[in-house]
Amino acid sequence: MIQVENLSKKFANVQAVKDISFKVEKGEIWGFLGPNGAGKTTTMRILTGYLPPNQGQAKINGIDVSTNPKSIKRMVGYLPEVVPVYGELTVREYLRFVAELYSIEKKKINFAIDRVVEKTNLQSVYGRLIKNISRGYRQRLGIAQAIIHEPSVLILDEPTNGLDPAQIIEIREMIRSFKENATVILSSHILAEITQVCDGAVIIKEGRLMATLTREEWGKNLEIATMDMAPDANWNDFKNAFPYIKEVKAEGQVLKLEFRETLNNFNPIIQYLIQKDIKIKEIKAGLEALYMKIVLTEEGRVA
Amino acid sequence: MKGVWTITKKELKSFLYSPIAYTLTAFFLLISGFFFYNILAWANDQTMRAMQSGYGMNQININKMLFQPFFNNMTIILMFLLPLLTMRLFADEKKMHTEELLLTSPVKISAIIIGKYLAALIIYTLILLLTATYAIFIFIYGNPELAPLLTAYFGLFLLGAVFIAIGLFASALSENQVVAAVISFSAIILIWVISWVGESGPGAWKGILTYLSFFSHFQNMVGGVIDTQDIIYYLTFIFLGLYLTRSIFEFRKWR
Chain A
1 MIQVENLSKK FANVQAVKDI SFKVEKGEIW GFLGPNGAGK TTTMRILTGY LPPNQGQAKI
61 NGIDVSTNPK SIKRMVGYLP EVVPVYGELT VREYLRFVAE LYSIEKKKIN FAIDRVVEKT
121 NLQSVYGRLI KNISRGYRQR LGIAQAIIHE PSVLILDEPT NGLDPAQIIE IREMIRSFKE
181 NATVILSSHI LAEITQVCDG AVIIKEGRLM ATLTREEWGK NLEIATMDMA PDANWNDFKN
241 AFPYIKEVKA EGQVLKLEFR ETLNNFNPII QYLIQKDIKI KEIKAGLEAL YMKIVLTEEG
301 RVA
Chain B
1 MKGVWTITKK ELKSFLYSPI AYTLTAFFLL ISGFFFYNIL AWANDQTMRA MQSGYGMNQI
61 NINKMLFQPF FNNMTIILMF LLPLLTMRLF ADEKKMHTEE LLLTSPVKIS AIIIGKYLAA
121 LIIYTLILLL TATYAIFIFI YGNPELAPLL TAYFGLFLLG AVFIAIGLFA SALSENQVVA
181 AVISFSAIIL IWVISWVGES GPGAWKGILT YLSFFSHFQN MVGGVIDTQD IIYYLTFIFL
241 GLYLTRSIFE FRKWR
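So the protein sequences, as listed, match chains A and B.
To convert, note that position 291 of the first sequence is 291 in the numbering used here; the numbers rise steadily by one, no gaps.
To convert, note that position 99 of the second sequence is 99 in the numbering used here; the numbers rise steadily by one, no gaps.
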């Protein structure tokens with residue numbers, strides 16, 4: 001469980017984080033969203049005990065991060081934005097080093113290394129020097145070091161950054177599987193990623209909390225941009241075909257749908273539209289629409 | 001302390017897997033060998049002259065003529081080389097972002113500092129031991145006194161241990177290795193020559209500044225004298241170096 005209450009952090013002349021509060025329940029995966037420089041990394045660093053907050057509290061499993069950093073560090077697994085690996089070591093030497101840093105018992109070290117190597121599919125590069133392995137393997141190694149001590153809270157700073165689409169899907173699957181044993185916070189620029197993986201999202205901008213949204217909330221919205229839609233078309237048939245549609249709004253070429261319940265599968269709706277020969281250009285799941293609204297509104301780019 | 005040995009092992013690996021340690025050792029042996037050869041040639045020459053003329057035979061002493069100037073020269077080489085050995089210790093961690101791994105692990109900052117310090121000290125001791133080959137030659141062909149030689153080596157070890165502590169501190173200051181090397185090199189030189197200012201200064205200052213300088217303390221040991229005062233001086237410097245390194249990490253958290 002992760003609790004953040006009125007957290008503030010100030011550097012020399014920059015207010016990096018201001019009065020942020022949110023809560024992530026045990027076994028949930030939450031996304032941390034915001035433009036670059038919003039304070040995501042700073043908040044994550046506070047949660048790991050790397051930086052102390054100026055004000056407010058951050059609690060991991062009910063324990064305050066700044067009063068008991070040592071026990072926090074044992075409970076938390078952390079993947080920083082830049083994967084912290086030593087190029088001159090082999091994958092095996094590196095994982096052994098991390099296992100020793102977390103004082104895993106000598107006779108359990110080999111077992112722990114085997115476990116994370118299997119989990120992150122590092123078998124094929126196990127004996128190679130880290131400087132010679134590819135970006136994708138490097139990222140997986142970063143995840144392997146974060147989970148080697150079986151943490152109950154995982155903090156992942158942009159875990160899929162710089163990976164190709166196939167690798168991104170693989171890492172996402174991996175993150176989903178962590179849910180069984182850990183509470184997870186991850187930051188990302190890719191909204192679709194948060195939508196697919198997370199149970200909720202915290203949106204921050206310029207160090208301030210803009211919104212906390214849950215899957216239930218964003219699952220009730222869908223935006224479909226089309227190529228050729230008559231704005232004044234009658235959508236009543238459409239609405240009647242799907243009883244869970246609460247409202248249909250057509251704004252220009254964009255169809256905005258609101259549902260009565262949280263939807264996990266939009267396929268029937270899309271199929272219906274295709275049958276009606278409506279040419280779909282882009283589909284935005286609810287979070288994307290909400291995020292753009294929240295982050296851009298203040299600057300007046302979106303009315 | 002938990003984790004010290006883990007850090008030391010990792011640092012030794014990093015030293016040995018990179019060309020730095022080998023290059024430094026090779027050049028250290030090359031330069032010190034050159035000095036040793038030259039001083040030996042000079043000492044030989046002096047001895048021959050004394051034997052031919054019959055004057056000054058009572059002045060001939062292999063420890064004083066060979067080893068004392070040799071060790072004094074070694075200190076100069078160390079001043080240049082040890083900053084190069086220590087510069088990467090923390091600077092590299094910052095540059096490669098691996099510092100986050102260490103600082104978010106349960107290992108204490110002081111254990112990390114001591115672990116890294118020990119690794120550099122072990123490498124330095126190994127390099128120092130290699131120069132003992134020169135002394136072995138002299139023992140084969142002559143009969144120098146062993147005790148002053150050991151004292152001098154102990155002095156050299158302590159002096160290097162201080163240089164490494166200063167280098168470690170400098171490395172924590174910057175993420176640039178060259179900057180770290182320049183800082184530690186300048187600090188070592190300044191503390192070395194501070195006694196020069198002392199010599200021309202007023203009475204009380206003279207004593208203090210001479211005491212602060214590495215130079216006077218090292219002279220005692222090269223001369224074969226072990227004074228607890230000198231040992232305390234060196235240990236204080238080492239402690240201060242490590243303590244200041246730790247304060248940098250505390251300070252940076254709040255910056």
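No wet-lab data here; the hints were simulated from the structure.
Among the hints, a few may not be true.
Think about it this way: if two alpha-carbon atoms lie no more than 27 Å apart in a straight line, the pair counts; the simulated DSSO-like pairs of lysine-lysine are [claimed, not checked]:
(1) A:K108 x B:K2
(2) B:K13 x A:K107
(3) B:K64 x A:K131
(4) B:K2 x A:K59
(5) A:K256 x A:K239
(6) A:K131 x B:K94
Covered, in the sense of this in silico footprint (three residues per stretch, anywhere, with C-beta under 8 Å from a C-beta of chain B), are these stretches of chain A [what the hints assert, rightly or not]:
(7) 49-57
(8) 66-75
(9) 86-100
Stretch by stretch, here's where chain A covers chain B in the computed footprint (C-beta under 8 Å, at least three residues) [claimed, not checked]:
(10) 92-105
(11) 202-211
Cβ coordinates follow ideal geometry from the N, Cα and C atoms, glycine included.
Do the hints match the structure? See the list:
1. A:K108 x B:K2: Roughly 17 Å between the alpha carbons, so the hint for K108 (chain A) and K2 (chain B) holds.
2. B:K13 x A:K107: Holds: K13 (chain B) and K107 (chain A) sit about 22 Å apart, inside 27 Å.
3. B:K64 x A:K131: violated, 51 Å
4. B:K2 x A:K59: holds, 25 Å
5. A:K256 x A:K239: Holds, because 12 Å separates the two Cα atoms, which is no more than 27 Å.
6. A:K131 x B:K94: holds, 17 Å
7. 49-57: With 4 residues closer than 8 Å to chain B, the region 49-57 of chain A meets the three-residue bar; holds.
8. 66-75: Per the Cβ count (3), the hint holds.
9. 86-100: Since three or more residues must qualify, the claim that chain B covers the region 86-100 of chain A holds, with 8 doing so at under 8 Å.
10. 92-105: holds (count 10)
11. 202-211: Contact hint for the region 202-211 of chain B vs chain A: violated, 0 residues under 8 Å.
Hint compliance for this structure: hints 3, 11 are broken, all remaining hints hold.
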